[in-house]
Every structure is written in C-alpha cells, then in structure tokens.
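Trainee: Under the working numbering, think of the first position of the sequence shown as 2, with each following residue one higher.
The reader is advised that the hints may include incorrect statements.
Stated by the list, open to error - Cross-link-like lysine-lysine pairs, in silico, DSS-like; alpha carbons within 25 Å at most:
#1 60 - 15
#2 34 - 15
#3 34 - 63
#4 60 - 34
#5 15 - 63
#6 63 - 7
#7 7 - 34
#8 15 - 47
#9 47 - 7
#10 47 - 63
#11 47 - 60
#12 7 - 60
#13 47 - 34
Calculated directly from the structure, the hints in this document are not laboratory data.
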Amino acid sequence: MSSAEKLLARMRHKPLNWQIGQLETVARHCGRKVPKPGASHVIFQKDGCPLEVSVPAHKPIKPVCIGHFLALVDA
C-alpha cells in the first residue's frame with residue numbers, strides 16, 4: 002500500500018486536520034488534475050467529470066471539503 006493510499010484511507014476514516022499538500026498527493030495518485038493558479042484556493046478536477054472541488058490553500062480545511070474531495074476521487 003503506497004503512502005497516497007494510506008492517506009486516502011485515513012481521510013475516509015477521519016476528515017479533520019488535513020493539509021493541502023496531502024490532498025494534492027492523493028489527487029495526483031488517483032489521476033486527478035491539480036492546477037496551481039496561484040490564488041487562494043486549489044481547484045481539483047477530473048477529465049470528463051463536471052464536478053470540481055475548490056479547497057482553500059491557506060486556511061484550515063473543513064470536513065465538508067474533504068467529503069467533496071473524496072466524492073471527486075471516487076467519481
């Protein structure tokens with residue numbers, strides 16, 4: 002099991018206290034786009050999927066954002 006898979010399993014179990022770098026690691030492992038616009042949010046996308054998840058880059062990440070991120074990973 003890779004470190005990204007371990008992170009994903011822990012995210013599903015406990016959606017608190019995550020950092021943007023950890024989300025980027027999981028997204029890259031799952032083949033999701035991680036554009037870096039240089040703004041206050043990072044937007045995660047998947048080709049052919051209308052769902053986009055916007056996560057604050059410099060603020061604490063709320064559990065609802067983790068839930069949306071996991072929905073994108075599962076899509």
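Trainee: Take the hints in turn and mark each one as holding or not.
Mentor: Hint by hint, here is what the structure shows:
1. Simply put, residue 60 and residue 15 have alpha-carbon atoms about 18 Å apart, close enough for the 25 Å limit, and the pair holds.
2. A hinted pair counts as satisfied when its Cα atoms are at most 25 Å apart, and residue 34 with residue 15 qualifies at roughly 24 Å.
3. Taking the CA atoms of residue 34 and residue 63, the gap is about 21 Å. The hint holds against a cut of 25 Å.
4. With a C-alpha separation of about 21 Å, the suggested pairing of residue 60 with residue 34 holds against the 25 Å cut-off.
5. In summary, the hint linking residue 15 to residue 63 is supported, as the alpha carbons are separated by about 11 Å, within the 25 Å threshold.
6. For a cut-off of 25 Å, the pair hint linking residue 63 to residue 7 stands: about 20 Å separates their Cα positions.
7. Distance hint between residue 7 and residue 34 is fulfilled; the C-alpha atoms sit about 20 Å from each other, no more than 25 Å.
8. Distance check on the hinted pair: residue 15 and residue 47 sit about 24 Å apart at the alpha-carbon level, within 25 Å; holds.
9. Restraint check: the Cα-Cα separation between residue 47 and residue 7 comes to about 21 Å, which is no more than 25 Å; the hinted pair holds.
10. A C-alpha spacing of about 21 Å is found between residue 47 and residue 63, which places the hinted pair at or below 25 Å, so the restraint holds.
11. For the given pair, residue 47 sits about 23 Å from residue 60 by alpha-carbon distance, which is consistent with the 25 Å threshold.
12. At most 25 Å may separate the alpha-carbon atoms for a hinted pair to count; residue 7 and residue 60 meet this at roughly 23 Å.
13. Distance check on the hinted pair: residue 47 and residue 34 sit about 6 Å apart at the alpha-carbon level, within 25 Å; holds.
Checked against the numbered hints given earlier, the structure satisfies every one of them.
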